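With these hints in hand, go ahead and build the complete structure from the sequences.
Protein chains: 2
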Amino acid sequence: METAKLEFLRGTLDALILKALVWGPLHGYAITNLIRRQSDDALLLEEGTLYPALWRLESKGLLEAEWGLSNNNRKAKFYRLTPDGRRQLRREVATWEAYAAAVAKVLEATQPPLAEEIR
Amino acid sequence: METAKLEFLRGTLDALILKALVWGPLHGYAITNLIRRQSDDALLLEEGTLYPALWRLESKGLLEAEWGLSNNNRKAKFYRLTPDGRRQLRREVATWEAYAAAVAKVLEATQPPLAEEIR
DNA sequence: CGATACCCCTAGCATTCCAAGGGAAGCTTA
DNA sequence: TAAGCTTCCCTTGGAATGCTAGGGGTATCG
Numbered sequence: 133m134e135t136a137k138l139e140f141l142r143g144t145l146d147a148l149i150l151k152a153l154v155w156g157p158l159h160g161y162a163i164t165n166l167i168r169r170q171s172d173d174a175l176l177l178e179e180g181t182l183y184p185a186l187w188r189l190e191s192k193g194l195l196e197a198e199w200g201l202s203n204n205n206r207k208a209k210f211y212r213l214t215p216d217g218r219r220q221l222r223r224e225v226a227t228w229e230a231y232a233a234a235v236a237k238v239l240e241a242t243q244p245p246l247a248e249e250i251r
Numbered sequence: 133m134e135t136a137k138l139e140f141l142r143g144t145l146d147a148l149i150l151k152a153l154v155w156g157p158l159h160g161y162a163i164t165n166l167i168r169r170q171s172d173d174a175l176l177l178e179e180g181t182l183y184p185a186l187w188r189l190e191s192k193g194l195l196e197a198e199w200g201l202s203n204n205n206r207k208a209k210f211y212r213l214t215p216d217g218r219r220q221l222r223r224e225v226a227t228w229e230a231y232a233a234a235v236a237k238v239l240e241a242t243q244p245p246l247a248e249e250i251r
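Just so you know, the protein sequences line up as chains A and B, in that order. Letter by letter, the first sequence follows residues 133 to 251 in the working numbering. Letter by letter, the second sequence follows residues 133 to 251 in the working numbering.
Don't read these hints as lab results, they were simulated from the structure. From a predicted model like this one, the values you see are computed outputs, not experimental measurements.
When chains are identical, the list treats them as one kind, so a pair holds in a single copy or across two.
With a straight-line cut-off of 25 Å between C-alpha atoms, the simulated SDA-like cross-links for lysine to any residue are:
id, residue 1, residue 2
1, Lys-237, Asn-165
2, Lys-209, Arg-251
3, Lys-207, Pro-245
4, Lys-207, Pro-244
Okay, here's the thing in structure tokens:
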């Protein structure tokens, strides 16, 4: 499958990963799959994007990692949300929603503002 | 006024600028004001963000620039959409809407996918 | 036994947003 | 008239981070 170019990812990637872990601990590969599934194949994380992001989130104390065994009995590193991670997720979702709403206002406007309003 | 941090801007900035010019030619300062107004003060473009972006769009042939006089009789550079710019705007709006919908599916999910689906 | 799926990681590149500067011209206000 | 604010334009350097392109290893299936 062709991997889509996701220039937008910046700013939403952390929230997507944190959200994926709300359902319980997952290893990296499963995080990618979850995000792909729930977005109906629209969001395909590259491994070179995912793993540095996981490390980043862990180093900020938003995730905790532990080695374990996957369903297929393979060695896998499981990530779980910390309380800080949960709080951060709430903040990021709120920020994202506000931003998306603001962009929508501009992009979907059907009338210009009054000339005086923009000088 | 405190300027909001807009990490998300990446990927939407071009669309926002192109959309601002749908209503007619504007100079840089007015573009900022229009986007601020129509987003209810949520989107505040920094000048160091705006002017390089305008140059970028012009160099791609999506905008054309011309010096003129603003309402206040000051020298100002007016930008206008080219036909290519108009096409690009349509594309970018569509891409943005698809991306925003995909992110919303993940961030606003109230149930995890089945375990088998993410392996 | 070869191919495929599962799993982890890194180095370097490219893009681009932002902070922080600088400049100039007109208007207001004390 | 001097100070200061607003309107307008622009550039430089730094920081962040997603992607490309590599590396590795293990289980399973045909």
